[in-house]
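A.B. asks: One-letter residues, chain by chain:
2 protein chains.
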Amino acid sequence: MILSIIKNFIKKRFDYWFDEYHNNSRFGLKGKLIVEKTSAIQKITIIESLLYGKSLLLNNCWMTAELQEKQYHECLVHPALTSSEEIEKILIIGGGDGGTAKQCLFYKEVQRIDLVEIDNLVIKLSKKYLPSIGGKAWFDKRLHIKIEDGCKWVENCQDNSYDIVIIDGSDPIGAAEGLFNKIFLQNCSRILKDGGIFAMQSESPERFEKVHIETLKLIRTIFKYADPLYGHVSIYPSGYWSWIFGAKDTRRYNKPKEKRVKEISKFCEVWSPRWQNAAFNLITASLEKKINQ
Amino acid sequence: MILSIIKNFIKKRFDYWFDEYHNNSRFGLKGKLIVEKTSAIQKITIIESLLYGKSLLLNNCWMTAELQEKQYHECLVHPALTSSEEIEKILIIGGGDGGTAKQCLFYKEVQRIDLVEIDNLVIKLSKKYLPSIGGKAWFDKRLHIKIEDGCKWVENCQDNSYDIVIIDGSDPIGAAEGLFNKIFLQNCSRILKDGGIFAMQSESPERFEKVHIETLKLIRTIFKYADPLYGHVSIYPSGYWSWIFGAKDTRRYNKPKEKRVKEISKFCEVWSPRWQNAAFNLITASLEKKINQ
Numbered sequence: 001m002i003l004s005i006i007k008n009f010i011k012k013r014f015d016y017w018f019d020e021y022h023n024n025s026r027f028g029l030k031g032k033l034i035v036e037k038t039s040a041i042q043k044i045t046i047i048e049s050l051l052y053g054k055s056l057l058l059n060n061c062w063m064t065a066e067l068q069e070k071q072y073h074e075c076l077v078h079p080a081l082t083s084s085e086e087i088e089k090i091l092i093i094g095g096g097d098g099g100t101a102k103q104c105l106f107y108k109e110v111q112r113i114d115l116v117e118i119d120n121l122v123i124k125l126s127k128k129y130l131p132s133i134g135g136k137a138w139f140d141k142r143l144h145i146k147i148e149d150g151c152k153w154v155e156n157c158q159d160n161s162y163d164i165v166i167i168d169g170s171d172p173i174g175a176a177e178g179l180f181n182k183i184f185l186q187n188c189s190r191i192l193k194d195g196g197i198f199a200m201q202s203e204s205p206e207r208f209e210k211v212h213i214e215t216l217k218l219i220r221t222i223f224k225y226a227d228p229l230y231g232h233v234s235i236y237p238s239g240y241w242s243w244i245f246g247a248k249d250t251r252r253y254n255k256p257k258e259k260r261v262k263e264i265s266k267f268c269e270v271w272s273p274r275w276q277n278a279a280f281n282l283i284t285a286s287l288e289k290k291i292n293q
Numbered sequence: 001m002i003l004s005i006i007k008n009f010i011k012k013r014f015d016y017w018f019d020e021y022h023n024n025s026r027f028g029l030k031g032k033l034i035v036e037k038t039s040a041i042q043k044i045t046i047i048e049s050l051l052y053g054k055s056l057l058l059n060n061c062w063m064t065a066e067l068q069e070k071q072y073h074e075c076l077v078h079p080a081l082t083s084s085e086e087i088e089k090i091l092i093i094g095g096g097d098g099g100t101a102k103q104c105l106f107y108k109e110v111q112r113i114d115l116v117e118i119d120n121l122v123i124k125l126s127k128k129y130l131p132s133i134g135g136k137a138w139f140d141k142r143l144h145i146k147i148e149d150g151c152k153w154v155e156n157c158q159d160n161s162y163d164i165v166i167i168d169g170s171d172p173i174g175a176a177e178g179l180f181n182k183i184f185l186q187n188c189s190r191i192l193k194d195g196g197i198f199a200m201q202s203e204s205p206e207r208f209e210k211v212h213i214e215t216l217k218l219i220r221t222i223f224k225y226a227d228p229l230y231g232h233v234s235i236y237p238s239g240y241w242s243w244i245f246g247a248k249d250t251r252r253y254n255k256p257k258e259k260r261v262k263e264i265s266k267f268c269e270v271w272s273p274r275w276q277n278a279a280f281n282l283i284t285a286s287l288e289k290k291i292n293q
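Taken in sequence, the protein lines are chains D and F. Take the first sequence: its letter number 226 is residue 226 in my numbering, and every next letter is one higher. Take the second sequence: its letter number 239 is residue 239 in my numbering, and every next letter is one higher.
With the rest of the complex left out, here is chain D:
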């Protein structure tokens, strides 16, 4: 107890290494501890890093950072929202840091977002210590926060409830495990309107190759059309990351609507129609073979 108090005092006052360990590798950022709490779900750590600004870890895994959040959130949101037939009603499962909601709310057409986050403390601490990540989203009346298990939420939703369903969870261990599950994904499809788009983060194709491939294959049994998109998030294991988009009627997630592209481009650091089209094709030779097996 006393040791832990001394350790926390040192971490708050002096620059310290915060590392995520993965498969005998580690990625660390130097900085000072801002806050560390344990909720019923997980350990939540927020630091002020020297390189990427304020940064969030859940159970010692990097989740987001002020100077890395666009690299993740823009890739998850804009392929879906620029291309979906309608974008009035959106469901976000997870996304407690507010970054996904912020990107969605840049679109004037969006009328309502249900953000279903299992851990209230993530939202509370993100609002307080990472205000720039959620930005104006937290004050936007279109955002409706529900503290609930995402799996239960989709189970209880009526058919064709949403234009967009976004899964913004962590790795498929612990709290987010159910988000990679067949029944959950079938419910996501059921509650999505026909002209809508499904989007989810789908792990590192290098470090979680098996999960990535299995998730894609599973989604392809549920949505008629589904494709992976590849990009970079430096704070995640290997830095090489992926997202999967699904649709029922056509491969519509790679057909951005001109009007929305114009509306959104001024906010984007990573995403552009050119970048997106490339990211849908940046598949390595060996991964392409394995996926098509």
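These aren't lab readings, by the way, just hints derived from the structure by calculation. Certain hints may be false.
Remember, identical chains collapse to one label, so a pair may be satisfied in a single copy or spanning two.
EDC-like cross-link-like pairs, simulated, lysine to aspartate or glutamate; straight-line CA separation at most 16 Å [as the list claims (entries may be wrong)]:
hint : residue 1 : residue 2
1    : 136       : 19
2    : 89        : 114
3    : 257       : 288
4    : 152       : 119
5    : 141       : 249
6    : 124       : 86
7    : 30        : 20
8    : 108       : 85
9    : 89        : 109
10   : 290       : 269
11   : 30        : 19
12   : 289       : 269
13   : 266       : 288
14   : 89        : 15
15   : 136       : 288
16   : 128       : 114
17   : 136       : 149
Please read all numbers here as calculations on a predicted model, not as lab measurements.
Given the structure of chain D, go ahead and fit chain F onto it with the hints provided.
C.D. replies: Same frame as chain D, but now just chain F:
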């Protein structure tokens, strides 16, 4: 002295963290030290890592690893060699681990490679401890090794000497600094045949953004056509990496010849024509703006 002997003994016998530190971040691999030597140029460290196999560090920076070398070498070599008019005579500056030469020698059309490496000890230790990276290249009679400063080599070369010029150096500090210099690059252009292709590694567009953009702009003043290509090498800072290709007559580096694609594809884990075309377009919105400023 005694402390250093004890430390080395521990590193060789027990799993230990080997980290590259960059800008208040670090990336580390766990493993055992195989050998560490200091040449006139730099400190050379080879470890057996648990995640990526045998791995090479120069001055504590990750250079290559058995399970990461293709992610780098295929991207540097194949856009150039599949597209150049002729590929009979090739110059490699740097590349002492042998990986670039190995990729080049997969092509039957290649008749001669001059590999100009400034540090003989890198070659010696790579041959001994990282044999799979250079592979058959070390025994191929088409490979001619010159231990010399690359800047001097290109200065002394006759005009139109090579079909391909590849710059496979480390970061632009220390030994590799001259490889990002105008006079050096002008010589590279001078010694390259008209239908040939110039290729170089051009750092992380995130962590070395300024160097990356300045290098591209400089190369564009020297070669009529030059473009960046973006990909992933997990052991390098940020994992997000770039290469630049230049040509004198057309944007020929993105027009792979069918015959060579067929010849080479069976060896490739990352590279494919689809991947390459995407990688030439995977430019983030903000980087595109900065490059076109």
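A.B. asks: Run every hint past the structure and note whether it holds.
C.D. replies: For each hint, the structure was consulted:
In this homomeric assembly, residue 136 and residue 19 never come within 16 Å of each other (Cα to Cα): the closest approach is 30 Å inside a single copy and 39 Å across copies. Taking the shortest Cα distances, residue 89 and residue 114 sit within 16 Å of each other inside one copy (8 Å), while across copies they are farther apart (61 Å). For the identical chains of this complex, residue 257 and residue 288 are neighbours neither inside a copy (28 Å) nor across copies (21 Å), given an alpha-carbon limit of 16 Å. For the identical chains of this complex, residue 152 and residue 119 are intra-copy neighbours only, at 14 Å inside a copy versus 62 Å across copies, given an alpha-carbon limit of 16 Å.
In this assembly of identical chains, the alpha carbons of residue 141 and residue 249 never lie at most 16 Å apart, being 31 Å within a copy and 57 Å across copies at closest. In this assembly of identical chains, the alpha carbons of residue 124 and residue 86 never lie at most 16 Å apart, being 31 Å within a copy and 62 Å across copies at closest. Proximity of residue 30 and residue 20 under a CA criterion of 16 Å is satisfied in both settings, with 12 Å inside one chain copy and 13 Å between copies. Only within a single protomer do residue 108 and residue 85 lie at most 16 Å apart by alpha-carbon distance; the minimum there is 14 Å, versus 51 Å between protomers.
In this assembly of identical chains, the alpha carbons of residue 89 and residue 109 lie at most 16 Å apart only when taken from the same copy (9 Å versus 58 Å across copies). Taking CA atoms no more than 16 Å apart as the test, residue 290 paired with residue 269 passes between copies only; the shortest distance there is 11 Å, against 32 Å inside one copy. In this assembly of identical chains, the alpha carbons of residue 30 and residue 19 lie at most 16 Å apart whether taken from the same copy (9 Å) or from different copies (13 Å). Taking CA atoms no more than 16 Å apart as the test, residue 289 paired with residue 269 passes between copies only; the shortest distance there is 10 Å, against 32 Å inside one copy.
Taking identical chains as interchangeable, the C-alpha atoms of residue 266 and residue 288 lie at most 16 Å apart only when they sit on different chains, with a minimum of 13 Å there against 33 Å within one chain. Neither within a single protomer nor between protomers do residue 89 and residue 15 lie at most 16 Å apart by alpha-carbon distance, with minima of 43 Å and 52 Å respectively. Taking identical chains as interchangeable, the C-alpha atoms of residue 136 and residue 288 are never at most 16 Å apart, the minima being 39 Å within one chain and 27 Å between chains. Proximity of residue 128 to residue 114 under the C-alpha cut-off of 16 Å is found in neither arrangement, the shortest distances being 21 Å within a copy and 59 Å between copies.
In this assembly of identical chains, the alpha carbons of residue 136 and residue 149 never lie at most 16 Å apart, being 25 Å within a copy and 55 Å across copies at closest.
In this structure, the earlier hints numbered 1, 3, 5, 6, 14, 15, 16 and 17 are contradicted, and the remaining ones agree with it.
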